[in-house]
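Student: Fit chain B to the given chain A structure using the hints.
Letter by letter, the chains look like this.
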Amino acid sequence: KAGVTQTPRYLIKTRGQQVTLSCSPISGHRSVSWYQQTPGQGLQFLFEYFSETQRNKGNFPGRFSGRQFSNSRSEMNVSTLELGDSALYLCASSSGQVREEQFFGPGTRLTVL
Amino acid sequence: AQSVTQPDIHITVSEGASLELRCNYSYGATPYLFWYVQSPGQGLQLLLKYFSGDTLVQGIKGFEAEFKRSQSSFNLRKPSVHWSDAAEYFCAVGVQGGYQKVTFGTGTKLQVIP
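Quick note, the sequences are listed as chains A and B, same order. Taking our numbering, I'd label the letters of the first sequence as residues 820 to 932. Taking our numbering, I'd label the letters of the second sequence as residues 884 to 997.
Chain A on its own, in the form it takes in the complex:
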């Protein structure tokens, strides 16, 4: 079974630009969660999508948005990038129940200059 894939793996953007990150979950998984990882902050939950619906949302500004397609693939968009958005963005897929293991992708490293 193929794992969770994230594209691109690395991105360099400048302040004010926008960016779209993509995540393909494990086949059969309907839940995709997104996390921002920065040194000292650990993983901070952005949002979770299940069957194309956002079920949970973390405490991030509206510049961070996402969506999920009918094939469960998910995209995350960040508009008007700020220097503080530089981070590793991780995507995780699961069956959708909290007791089930989340499978993480390798992440997208975003650098904002």
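Treat the hints with care, as some may be off.
[As the list claims (entries may be wrong)] Pair ranges (Cβ atoms, derived): (1) B/Thr938 with A/Gly847: 27 to 35 Å; (2) B/Ala900 with A/Gly859: 41 to 49 Å; (3) A/Ser889 with B/Gly911: 33 to 41 Å; (4) A/Gly822 with B/Ala912: 40 to 48 Å; (5) B/Gln941 with A/Gly859: 26 to 34 Å; (6) A/Arg834 with B/Pro962: 46 to 54 Å; (7) A/Arg834 with B/Gly899: 47 to 55 Å; (8) A/Glu920 with B/Lys951: 19 to 27 Å; (9) A/Arg834 with B/Gln925: 36 to 44 Å.
Quick caveat, the hints were computed from the structure, so don't treat them as lab data. These numbers were taken from a predicted model, which means no experiment stands behind them. Virtual Cβ for every residue (Gly too), placed ideally from N, Cα, C.
Tutor: Positioned in the frame of chain A, the structure of chain B alone reads:
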């Protein structure tokens, strides 16, 4: 809302020595508890999880963790550390009956010296 504290940012142990990584959580009811490991350049991998029942949980790679309700702790242990265990370890808590929303601690970076 639930929260997780990992008081040790960085730990160094000698290869072959025992290991204990601390995790304290805050949640009103019995939580779901997880330990994940992240190797450099990799995503996170689940080591073990606790939902209910036996408070001593066995995981992969020889790790175990003990849930102590009275101390709100879920410490990770390994009797003998291998150099390949060098990584960052994350404790996480989830809400029973909730959707897939898990709160992670800030992580403990483990260094193993020969």
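Student: For each hint, tell me whether it holds in the structure or not.
Tutor: Now the hints, each set against the structure:
1. Distance hint check for B/Thr938 and A/Gly847: the Cβ-Cβ separation is about 32 Å, which falls inside the suggested range of 27 to 35 Å.
2. Take B/Ala900 and A/Gly859: their Cβ atoms lie about 26 Å apart, and the range 41 to 49 Å is violated.
3. Against the hinted window of 33 to 41 Å, the Cβ-Cβ separation of A/Ser889 and B/Gly911 comes to about 37 Å, which satisfies the hint.
4. Checked against the given bound of 40 to 48 Å, the beta carbons of A/Gly822 and B/Ala912, roughly 33 Å apart, lie outside it.
5. The hinted range of 26 to 34 Å is satisfied by B/Gln941 and A/Gly859, whose Cβ atoms lie roughly 31 Å apart.
6. About 49 Å separates the C-beta atoms of A/Arg834 and B/Pro962, a value consistent with the hinted range of 46 to 54 Å.
7. Restraint check, A/Arg834 to B/Gly899: a C-beta distance of roughly 49 Å satisfies the suggested window 47 to 55 Å.
8. Range check, A/Glu920 to B/Lys951: about 23 Å between beta-carbon atoms, so the 19 to 27 Å window is met.
9. At roughly 29 Å, the beta carbons of A/Arg834 and B/Gln925 sit outside the given window of 36 to 44 Å.
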